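**Q** Please arrange chain B on chain A, whose structure you already have, making use of the hints.
Here are the chains, one letter per residue:
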Amino acid sequence: METTSQFSNDYGPQRLSVELANICNLHCSYCFRSEENLYSQRAEFFPVELLRRVIDEAREAAQITRVSFTGGEPTLHPQFADVLDTVAAADLQASFVTNGWHFERTWPALAAHRETISHVAFSLDGIDRETHDRWRGKGSFERLVRAFSRCYVAQLPFAIKIIVRRDLVHQLEQIAIFAARMGAAALNFVHVMPTSSGFENSLALNRDEQRAVEQEIAILARIFKMKIGIDVGYYNLDVHRAPCAPLAGTNMNVDYRGRLTLCCNLSGFRGAEAESDVVADLNIESFASALTKLRALAATQLERRRAALTALQAEGITPDLYAGSPCLFCLQSCGKIPWHHGVH
Amino acid sequence: MVFTDLKGWLPIDAVVVDGRPGLAWMELDGVDFLEPFFQQTIDRVKSEQPARRELFTEFDTLVQLEQTFDSVPPTGFIFHSSRCGSTLLANACRALTGAIVLSEPPPVDKLIARFITDTDEHGTKAKLYSIFVRGVVKALGQRRTGDERHLFVKFACCSVSQIERLQPLWPDVPWVFLYRDPVETIVSNIQHPPSWLLDEDRRVLASITGTSSDTVSAMTMEELCARAVGSFYSTANRVANNRALLLNYNQLSVAEISKVMQFFGVRPAATEMETIARQSQTYSKSFSEKRTFVADADAKQRAASDHVREMAARWANGPYQLLEQKRLETQTS
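For the record, the sequence lines run as chains A and B.
Residue 85 in numbering that gives the first Met the number 0 is what sits at position 86 of the first sequence, and the numbering runs on without skipping anything.
Residue 185 in numbering that gives the first Met the number 0 is what sits at position 186 of the second sequence, and the numbering runs on without skipping anything.
Just chain A, with the same shape it has in the complex (with noise of 0.2 Å):
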């Protein structure tokens, strides 16, 4: 069963990916964002004075029709409804990822920007009370499910984004039967991004677990209307199509300092040594002058991978995860994961 072509052959709209704010008020230990700036800097919120720019210019430079907010948590940001009626006056549609924690809260904002807003993405741990709770603390699940609740009555379409660990292997379809349950019109499975050898050890797949789940997965999507896929980190050896949006030119990552960079999934990653994936500062620069070199480092990256996967393909190598997953390799090859040692 072919698995990659299933899952990477769309990449959505021409999109601006934003960090809204570097901060959280959860703590998952998994999460890939420097603890640092979750956690001890000060509290930064993407300007919305530079968003109105930023948005502007990528229409022009990059034909966007839609920006999606991650962090951190960006239903932290004091001007949440700012943002989207920034977005809204420039007539292009949001999304964002949220834990769902402060739903509540926002919901004034996401009712009245309804037509802006073409989904919302929420981050789940387990399909009950206890398995999510224990990994973002009490009260998560059930704010969480409020949310979703919120969401369909309301018609939101919502997507569901849930991280395979080790311990959910073996609930994918319950996984699967709870998304539906809630009403998403999305169930988005994301391999572990890893943080260090020891989480990789503890929670992380291996090569044939991964392949497995994404035949599992597979699986899923043919049977479920809702939208079923793997948002990132599949094993992909195709070397003649660009492997994920960003290496695509499809997503363009701001972090919250408002630098241009390469992936949202590299940006800000715990314990990172390197920030080649950084472009430009957006502060300073046009978003067309940025994106020039966005592009040049994409292909840079593309022709690395491509010559990497070519090489262990003649020496008949098969490649281990780090060459074969695209988050990965270019985990390692910027630099993110130094803890990691050796590649296949």
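A portion of the hints provided could be inaccurate.
What the hints assert, rightly or not - 20 Å max Cα-Cα, derived DMTMM-like pairs, lysine to aspartate or glutamate:
1) B/K6 to B/E53
2) B/K126 to A/D127
3) B/K137 to B/D119
4) A/K226 to B/E57
5) B/K126 to A/D166
6) B/K109 to B/D119
7) B/K325 to B/E255
8) A/K224 to B/E65
9) B/K109 to B/D198
10) A/K224 to B/D4
11) A/K224 to A/E208
12) A/K224 to B/D198
13) B/K6 to B/D146
14) A/K224 to B/E57
15) A/K160 to A/D127
16) B/K258 to B/E273
17) B/K299 to B/E222
18) B/K126 to B/E57
19) A/K226 to B/D17
20) A/K224 to B/E53
21) B/K137 to B/E271
22) A/K224 to B/E273
23) B/K45 to B/E26
24) A/K292 to A/D280
25) A/K224 to B/D117
What the hints contain is simulated information worked out from the structure, not anything from laboratory work.
Owing to the predicted nature of the structure, the values given are computational and were not obtained by experimental measurement.
**A** For chain B alone, kept in the frame of chain A given last:
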């Protein structure tokens, strides 16, 4: 579609549309399942009221709706080896006040067949189909007048092959397995071949007989039937537990039906028993045509060809005897 739009609708078939499995629903407000078979009711409604609406939904809709159903929990299940009095028993259940009787509903039995015909190495589909089967039974068991108290499901004979997947869904629901002498069963099936024996997709029968589709296609109908019913007997023998009642066709009587009801936890009223007694004297499988039931065991035995006897002896008599032994032991204990 918002779920409230499906109030009064019931799933009537398990289908695949554009490669995606799902359910065909029909607007069935005010329709009672009076006929001996679920499909007969659907056919009647379609014929009498062609304007009734139908629609297809994926299973997403079922799992959403399931939370909203006000359903009667299953009272008892009827499994059988075909042509052995199971329809008579289902009809008797229908005589009870407040009973919903689902007799071989296609959405249930077709989903059960998918345990065989739509599999994957991870068991993902089997787990999903289990959940969907439970959901469909819940959908069909919805209270529609508010007075329903009992829900009986009679499964198609082939579904007994998957009983080990069904038991965990309803571990506390009592079930009866009805069966009959293999020669009589085979003769009845040969005289009037049922759809399960004629199914051009041979995968279900291949699984039941432990062979391949090609092997099934090469079998005479006598052999196929003998091997299938032999398998049904063996399965029932293997899985019968303290929630199971084994019942031979030759035991069937009004008194025995009353015992089955009690086994299901139902104590029929005198008037209900009168109805059951009256019904048991008519042919069970026809609703409109009130033919008098005629005991036909001797006739079936006389009609059996040498080939039928040979196949029964080779494939079914042994499992039948073992099942009888188990029944008698259970009765004694």
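**Q** Flag every earlier hint the structure violates by its number, smallest first.
**A** When the structure is compared with the hints, numbers 3, 11, 12, 21, 22 turn out to be violated.
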